[in-house]
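K.L.:
Spelled out, the chains give:
2 protein chains.
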Amino acid sequence: MKAFSDLSYTHHNHNTTGKNETVGKNQKIVQSPIAQAEESCRLWLELLPYASPQWAELAFHEQCFWRDFLAYTWTIKTLEGKTAIASMVASSAQRCAVGDIQITEVKHHPEGFDECWFSFSTAIGRGIGHLRLKQGLCWTLFTTLQSLHGFEEKTGKLGTRERGTNHGVIKGRLSWLEQREQALSRIGNEDQPYCLIIGGGQGGMALGARLQRLGVPHLIVDKHERPGDSWRKRYRSLCLHDPVWYDHLPYLPFPDHWPVFTPKDKMGDWLESYAKLMELAYWSNTLCRKAVFSESRKAWEVQVLHEGRPKTLRPKHLVLATGMSGVPRMPQFKGQEAFKGSLMHSSRYQGEKRWQGKACVVLGSNNSAHDIAADLWEQGAEVTMLQRSPTIVIRSESLQKHAWGRLYSEEALAAGISTEKADLMAASWPHRLMPGISREMVKTVLAEDADLYEGLKRAGFMVHMGEDDSGIHTAYMRRGSGYYIEVGASQLIIEGKIGLRSPAEIIELDEHGAVLSNGEHMPADLIVCATGYGPMNGWAESLISREVARKIGPCWGLGSDTRYDPGPWEGELRNMWKPTAQEGLWFHGGNLMQSRHFSLYLALQLKARYEGLPVNVYDA
Amino acid sequence: MKAFSDLSYTHHNHNTTGKNETVGKNQKIVQSPIAQAEESCRLWLELLPYASPQWAELAFHEQCFWRDFLAYTWTIKTLEGKTAIASMVASSAQRCAVGDIQITEVKHHPEGFDECWFSFSTAIGRGIGHLRLKQGLCWTLFTTLQSLHGFEEKTGKLGTRERGTNHGVIKGRLSWLEQREQALSRIGNEDQPYCLIIGGGQGGMALGARLQRLGVPHLIVDKHERPGDSWRKRYRSLCLHDPVWYDHLPYLPFPDHWPVFTPKDKMGDWLESYAKLMELAYWSNTLCRKAVFSESRKAWEVQVLHEGRPKTLRPKHLVLATGMSGVPRMPQFKGQEAFKGSLMHSSRYQGEKRWQGKACVVLGSNNSAHDIAADLWEQGAEVTMLQRSPTIVIRSESLQKHAWGRLYSEEALAAGISTEKADLMAASWPHRLMPGISREMVKTVLAEDADLYEGLKRAGFMVHMGEDDSGIHTAYMRRGSGYYIEVGASQLIIEGKIGLRSPAEIIELDEHGAVLSNGEHMPADLIVCATGYGPMNGWAESLISREVARKIGPCWGLGSDTRYDPGPWEGELRNMWKPTAQEGLWFHGGNLMQSRHFSLYLALQLKARYEGLPVNVYDA
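Line by line, the protein sequences are chains U and X.
With the working numbering applied, the first sequence covers 412 to 1031.
With the working numbering applied, the second sequence covers 412 to 1031.
Each hint should be verified, as a subset may be incorrect.
[What the hints assert, rightly or not] Here are the computed lysine-lysine pairs in the DSSO-like style, where the Cα-Cα straight-line distance is at most 30 Å: (1) Lys518(U) to Lys644(X); (2) Lys582(U) to Lys812(X); (3) Lys751(X) to Lys687(U); (4) Lys764(U) to Lys634(X); (5) Lys582(X) to Lys634(U); (6) Lys751(X) to Lys582(U); (7) Lys764(U) to Lys582(X); (8) Lys568(X) to Lys644(X).
[What the hints assert, rightly or not] Calculated Cβ distances over 12 Å to all of chain U for the following chain X residues: (9) Ala495; (10) Glu516; (11) Glu573; (12) Gly583; (13) Gln590; (14) Arg624; (15) Val655; (16) Pro666; (17) Glu706; (18) Gln714; (19) Glu718; (20) Gly762; (21) Ala770.
[Claimed, not checked] From the structure, some residues in chain X lie toward chain U, with a derived Cβ separation under 10 Å: (22) Thr515; (23) Ala534; (24) Phe562; (25) Arg574; (26) Leu651; (27) Trp656; (28) Pro664; (29) Asp667; (30) Phe672; (31) Thr673; (32) Asp676; (33) Glu789; (34) Glu793.
No lab work stands behind these hints, which were simulated from the structure alone.
All of these numbers come straight from a predicted model, not from anything done at the bench.
For glycine and all other residues, C-beta sits at the position ideal for the given N, C-alpha and C.
Given only the sequences and the hints, what does the whole structure look like? Please build it.
P.N.:
As structure tokens, then:
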């Protein structure tokens, strides 16, 4: 608190609980830790509206982070250290009048910090924030924009639900169906979408749903025949690896009886219904061929093939929601034209039953490689996995127990942690602190699941927990791969039911199989290359141009200076859900949680531009 | 309380609140009204497990009701008066060991009664009950079975959610899609449904969903091409007349942004998704031709035409869920073969635009007649309504404000009244008491909406509030029709935009129009007969036999001895959701609230029989 003693200020009393109101400045009474925590947070937040570089120097801890989703910066950014924070504050002071701060929840942590949730208002919208204090100084601050003044979504809870029909009788009015059919027939023809979303998986749909609710004209285009096919067309045994509590889409949560791990075809059906029920503008059977941004018109010209017919779309904004992975990375092998068996990328593997009794080789050792190897074994094939480099392995149950269960589980719901709250809680930690938190979790898991890790080592499998032992979460953020969530295949490897060569590469192919790096000839009827995907901005290169792809730079990754994630440190996923170096171009993707949570911020950015609100992006 | 003083009993203390525990038998302290209410309810309920005819005599008020949904009677029944209650208790004493009674909520009503909600357990399942006490004696008791021991539905909240996949690797296992496709291809062929549901609207689907969750093999057959068509194929301007809070289906509630009054095509889309997402066994394009019950096999033989191909189904139980209305009632007019215009029943009216500038006559003055007249006017037709008898009219807003809003609204939800709770609250009143309650509501509405009622009278419209002034609710229960929920058409009548003849009948038709009972000749290009539907057991007559239809007797109606609802008094809807005089034959229908709530009890009855549990129906 002493840090504030130099500052004089006048302010409203934002303490809504009524506690401590009678405690004057010079009184000293013994407060409970939680009351002290509330008092500290209240005092700290009372100065937030008067943020200045001087204030930043005084109010923040030596190690400090300010993560902001749009509220101050109109981008997704983490500022680290007082200097960075002071710079942002100096630049933002004019644009962001924060007020109406209300503390909604306070916690005291005996290990040495207090935290609180608060709501606030800016000139442009309403937000939710989170604060962690150490000795009264800010350790982490998290500010998010949640809605735009005057453009709040209509909901039941707010009492602003739409009527569905206007009672009364109106000459010549159109029914809901007629209106919807008219809108769908005009979009892409008489009417241009303000925002074109390429890719109609969970990412594109979640964003489309938010834009629809916000009244931003959108169109989703997808190459498959039916919404949901991006899941249906994967290998037959695929189920979501994340549990149901983590996977809800916006607005239409899975019902209470939904299975924990959704089978892929059930997911496909859900998405197909979602597109319909959320009234998305969705074109199936549509290939995107070329997109060019016109500087003069400030709009895109996008060539598509819609059900075989060429069309030109002219959106103001283009969102690539084709998945966090880029184009499948298919190796070329010497002699592969001589190979008589089947050779395919994992993305093409569907799991037909014809491999029973056949010799199958899976190149790679991440999630897809393990799932496909197990699927082949279930069908009676002889499977061998070729591991090229060490892999992070963690049991699905352990991941849920030690990582997500606290936020995404039945227990979390019972404790009042809604899905939306869980998303914010997870995001309240800056990426810089995550490896440290994750390493603690990794230690626990390594001890608890020692049988698994010892078994894998005995089988010759190269298992590790990442370059800095920070496990799956940071691997996911840094490179989006490099791990397997164990649901049975590791056990098959331990038991020798799935054969293993490690380390092993394919040197060349011949008529009957593969020659490995150890000189062994491995006969094969099928070789599946679970060799991953190219970078996400590969989509930009193939759809727009190499120049634009270069200008944008890499997508995903934090700049952690680890393998596949070169520095410098960015502190947020590169180019995801925020303005890029190419005007009007956005990237959206990731798992279901990210598709749900970050589609909100992307939609708000698009809505603000659609409505012509002042949007000053802080791009220092 | 004095009524209990003669009885000696030993019991566990069911008071979970911990209040009053130190109050001994002979102590007298001043209690708050709510504490007194809780004490009264607790004392009363402590004897419920020891129910006997003698107890009934002592524990009930002179005017008393016991409404039971399965828990005691394995049917849906209201017992009125001590004698009826004593008889039931005498007969049920052996079969129903009630225990584990827990009071969950207590209220004191200063107008002279206390009420509480409680949970309980029987030998066969768990239930929810409700009690109203006057001076410590029971005025109304309501007992419901909610689940069967050992057959509880798997849910997230109970921590029994299904996994979706069994982690681990199992040779030759089928994926979710393969299992589902196999089950769907077998049902009606290798596998017979235990329960066949005829009619795939909201009623059939709600029941199908509950049976699916309970693991009872079912099949829904429906004549339309697509699930949801029963709504899509109605007139173009139709929206649900009940608001969204009243309309949820089980398991998959409408999302928070859903409009208040769902347009019919949006409802159709919702139902189509519902069938898919709830994994219903659903045959579209299927006509039912004949059903015969085999006494020897205790099963039905049902002839259907499934996508044009004849099939025989052999379910143990047959549910007619073809709507609470029977076959359309189409009058025959003298001279109708000469009429050059279009003549149709309201069920066939779809609202094509071709009636602009044409002379249109709507015969009838209930909901459909008004909606169709307004729809024609909106399209620019010249419309005249022929009113044959007085009609109950109430503004939609007033219905919501004074009738349903307390239970089904955003405000009710905010007050903690979930949809399921609202259903039970509504059902806690015996039908006998409803006219009295409704009459009070009617008085308020007549005063508030005097402009509407005066305007209608001035326009010559015969408006009333039912034979006993008890309004729309009782009319709905007695005959399922006779009313219009005003959403604009009454205003058009008042303003003369919809013409009116009242009272008026069509005497005969000629080439150009209709001759009315007042001798007037009314030219017409279109005559829509909104003349209602035949009785529900008409379905049984046409599908099974006249003998079975006669054995069953009328469906729907309470036996109120009013027009279209002959006595004797039944106290519950006749034949609905409960055993009928024909073994293995059930009726299901009604509005969305009834489809939702009563599908639970019908599903539990079917599940109990499917599992071979002891089911003793009290049929006194």
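K.L.:
So, for every hint listed, does it hold in this structure?
P.N.:
Cross-check of the supplied hints:
no. : hint                   : verdict
1   : Lys518(U) to Lys644(X) : violated (56 Å)
2   : Lys582(U) to Lys812(X) : holds (28 Å)
3   : Lys751(X) to Lys687(U) : violated (42 Å)
4   : Lys764(U) to Lys634(X) : violated (37 Å)
5   : Lys582(X) to Lys634(U) : violated (34 Å)
6   : Lys751(X) to Lys582(U) : holds (27 Å)
7   : Lys764(U) to Lys582(X) : holds (12 Å)
8   : Lys568(X) to Lys644(X) : violated (38 Å)
9   : Ala495                 : holds (39 Å)
10  : Glu516                 : holds (20 Å)
11  : Glu573                 : violated (4 Å)
12  : Gly583                 : violated (7 Å)
13  : Gln590                 : violated (9 Å)
14  : Arg624                 : violated (6 Å)
15  : Val655                 : violated (7 Å)
16  : Pro666                 : violated (5 Å)
17  : Glu706                 : holds (38 Å)
18  : Gln714                 : holds (32 Å)
19  : Glu718                 : holds (21 Å)
20  : Gly762                 : violated (8 Å)
21  : Ala770                 : holds (17 Å)
22  : Thr515                 : violated (17 Å)
23  : Ala534                 : violated (26 Å)
24  : Phe562                 : violated (14 Å)
25  : Arg574                 : holds (5 Å)
26  : Leu651                 : holds (8 Å)
27  : Trp656                 : holds (8 Å)
28  : Pro664                 : holds (8 Å)
29  : Asp667                 : holds (5 Å)
30  : Phe672                 : holds (4 Å)
31  : Thr673                 : holds (6 Å)
32  : Asp676                 : holds (4 Å)
33  : Glu789                 : holds (6 Å)
34  : Glu793                 : violated (13 Å)
The structure does not agree with the numbered hints 1, 3, 4, 5, 8, 11, 12, 13, 14, 15, 16, 20, 22, 23, 24 and 34 stated previously, though it agrees with the rest.
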